[in-house]
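Chemist: For reference, the chains in residue letters:
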Amino acid sequence: MEAQEKIQAIIRNIEKVMIGKRHIAELSIVALLAEGHILLEDVPGVGKTMMVRALAKSVSANFKRIQFTPDLLPSDVLGVSIYNPKEMEFRFHPGPIMGNIVLADEINRTSPKTQAALLEAMEEAAITVEGKTIELTKPFFVMATQNPIEYEGTYPLPEAQLDRFLLKLNMGYPSHEDEMEVLRRAEGSRPIETLEAVLSLEELKEIQKEIKTVHVDELVKTYIVDLSRATRENPSVFLGVSPRGSIALMKASQAYAFLKGRRYVTPDDVQYLAPYVFSHRIILNSAARYDEISAEDVIGRMIINTPVPVKRALL
Amino acid sequence: MSRTIAKWAQKIGLYLLVFLMLCEWLIPVVNLTSTGHLGLFLLFIVLCLAGNAFNINIVLSFVVKIIYIAWFLMYVYMGTAVFSLNSFTRIISEFTGSIGAVTNGDWNGIADSFRSILFFVLLWMAIYLIHHWITAKRSIFYFFLVTIIFLSLLDTFTEYDAKYAIIRTMIEGTLLMSGLYLYRLLESERAIPKKRSSFKWLLPFACMIAVCTLFAYVAPKKQAVVAPPQPLKKLLDMQQNQTGEIGKIGYVEDDEKLGGPFEEDHRPVFVATAKENQYWRIETKNIYTGKGWVRKKGDIYVHTFDYGEKIPMSLKPGKQKNREHAEIELKKDYKFVLQPYGLQKMDEQNMGDQFYIEIDSEKIRPTMDGKKIVLPSYSMTYSKPEYSLKALTRTRTSDLKGLSKDFKPYLQVPKTLPARVEKLAKTITKDEKSLYGKANAIVSYFQNNGYKYSRLEVGTPEGKQDYVDQFLFDTKSGYCDNFSTSMAVMLRTIGIPSRWVKGFSEGDEVPMSDNKHHYVVTNNNAHSWVEAYFPGVGWMSFEPTIGFGGFDNVLNDVKSKEKKSAINPKQKENEQQKVEKKEKEEKKKEKKVKKEKKKEKKQVEKKSAINQTNNWSAIWLGILIGAVAILLLLFFTRRKWMPKWLIFKHRTKGYRHLDAMYEDLLKQLKRAGHRRKEGQTLKDFAEHVDAAYSTDKMGILTRAMEERLYNKDVPGKPSDELIECWKYLINRTSG
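Chains as they are written, first to last, in this note's numbering: chain A, 1 to 315; chain B, 1001 to 1735.
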């Protein structure tokens, strides 16, 4: 399949600039293809920007970066109307949100109203400035990063807004060998400059459309719902996954199945993606937090305990 | 160099063992049949084995064997000059003639030379097969097993004593198997044995075999529980003579050769309806031969009578006022009447039937148009005979002098009867004055002198041995025939006329809806006892066999109680038993709670009635236990046989349903210890299974299955590749 080969080429491109993080590359593409957004919770300096730039370059997309600071205003993100004395009128200057692929760095360091502006744009794929609604360019893909919540001087994102992200990823530090490789590459020229576009924006849109036709069998839908419901019934969970979370899991699974060259979703896809889709959508209760149980632990245990549908008779 | 020598030594060792095992086949065959020339046959075996062992050119070895067979035939059968044209043509003509005889089914027309040729061919083929087992399959177990079975069959059924042959074969066979096992191991591991390693490896094997053999030889062995069957020859002889030396208990007409063990037989023979449980008489026998009883030769005198007519019995019935009716319902086709004691007449039934009584044996046969018939049910009138104790105690030896000639047959004893029988009879009876007392003295002698009732530990007189003598002095163990014959013969030696009676003892009562008493009599009740004649009293029945109730037919008209109890030993025995029974019951009762008392009693009564059905329930229980055991065995070995069944099941369905096949595979994998966890995806599970079986087939199959399950409109019929994967995996699960 042609599309699959191109996707693989994108992954190879990303791997050139980011070593040993194939699954992050894959998942980023999954989010891009599923028209979702990614929240990266990570320490600085592990190559996030590099990765997003490689991705943007591979799909010949317009790349923008917003560094969130406490004093950043919504207009700094969305854009601002400035009076043009020559033409005697206000003219809208679009903000960095108007790119195809946007890296929103340290999103939890800015004030909630600025966060809300970004998140609203992500949800609506449009912005409202001075009463006018402006459609964002498509495709539109945001990769937001946030410092671990324990860091000081942060504004944690509210739950409802976290829900807007399709996946939450955790990059982590590279292994010893990978870091050695990073050093070796840093000696030479920067590979990001030599990357070539693999996909045009039009092709990307086509693929995004095609992914919606990937078959999700009733069996798999049952499984997704079972998993979502399991989060709500889990005793360690204060707030479970919303139906929006179920939809997110299904969409991500479709994209992942497509990425793996399949036209149908299997429970394996669901199982693989569930932690990334669910972990930022559930809130553990205080007892679980006291026991230092992470959301990933809860989801992992839930996957083990939820029966995988393997028989048609179940329906 | 030394390695090739060792290799050859191993090979020659193997073939030597095979040769020894083949000898175990050939020796008994040559011994038991009129074959002969063992040495020449053995030489042929050596020839064949050598040809195989040294890989001699096929054509060459074929020619050599043919020449050898030809030479053998001429040397053994023709008697002419070896390899002459004359003998050659004779062989050819015998050969063609025999083939003609075979095609015509004329088995006697086959020439000996042809038989020998067939035997050679058989040996040739057998050796080739063994050669194949050794070189290609590296397994000799089947040959070994068949040899052992062959030898044990020979040992059991023929006169050939295979005691040491079996031991030899065990040693040779286990050595062969261990040697071949080594070969198999080396080949499967592709190992190259080191110098002398085969010797080192075989040494522990040899030691183990030696120790086991020694231990098995020295260890005490239990004797066979079941009497060893007679050699085949004897069995055949017996069939010709139609004697029943071993067999089931039951009524048989022929008593010429008594003795030998009996098996139990619970099949019912007839159901009697009568006032009380009693003995059923069939016939008497009068001539004792020293081995058994026969009837007098020559014409049999009979007396014909109809229903309702008085039957002339020598044993007089009791008083008219005690008249009773007895009904018999046969379950077996007996062409004679079962008589209650004191039989008077047959009750009216069909007009067409008639009866005759054989005067000498008092056997009554129903007839129709002069032919003996089976009367399935009939009714009789009888009156139980009673004997006055007063009259009995008055019988004296002196009364016997006046006996008529008619009683001479009842005093017959064979000339070969050892004198010690008479001596013993006289010693036993010398203290008793009355003839009745003497008869009872003999009955009590059996009870008090270590005689044992047994159906299995029963001797058969051999050679000149006397049946009675053997029982009285040697075996002292036997069943009714031993006791009754001995008593009858002993009575005769002291001059009291006696005869041997055959029939059935009391049956078991079965509850039925009517108020009458019904008794089921089975083959186990087949019995024999004694009738003795006392002048002035008449014929009277006696029960000498230990453990049987006997006859309660003596009317106590003597006042002293002591005398009465002293006189009838059977009554004493019966009373003792009754007392014991009562005591037992009382003890039982004491244990139970008072409330349950009544119920208990009823149950005890029922139990006795159900007794004979108990045997059936035992058989059913046995069958049930067997069935359960088989089911359990099948259940616990299901992992082994299930794959074959599953493959068969899906093959008959044409491998059409991947879903069903996959589901069965999952179940079978579970049985083999690969259980899919609930939350485990099929792909994950397939990886686990593939890792366990080091294959990729589960992955292939699972991909197809996933597509079938999670994609839309995928046909359920698997491809040939998937079927192969499935079969492979299913077979792997059997371990």
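Because the hints were derived from the structure by calculation, they are not lab data. Heads up, some of the hints might be wrong.
Below, simulated DSS-like cross-link-like pairs (lysine-lysine); rule was C-alpha separation at most 27 Å, straight line [what the hints assert, rightly or not]:
1. 6/A x 1712/B
2. 1200/B x 1222/B
3. 311/A x 1667/B
4. 311/A x 1712/B
5. 1653/B x 311/A
6. 1717/B x 260/A
7. 311/A x 1345/B
8. 260/A x 1712/B
9. 1683/B x 212/A
Chemist: Decide, hint by hint, whether the structure agrees.
Modeler: Against the structure, the hints:
no.	hint	verdict
1	6/A x 1712/B	holds, 26 Å
2	1200/B x 1222/B	violated, 37 Å
3	311/A x 1667/B	holds, 13 Å
4	311/A x 1712/B	holds, 14 Å
5	1653/B x 311/A	holds, 20 Å
6	1717/B x 260/A	holds, 25 Å
7	311/A x 1345/B	violated, 82 Å
8	260/A x 1712/B	holds, 17 Å
9	1683/B x 212/A	holds, 24 Å
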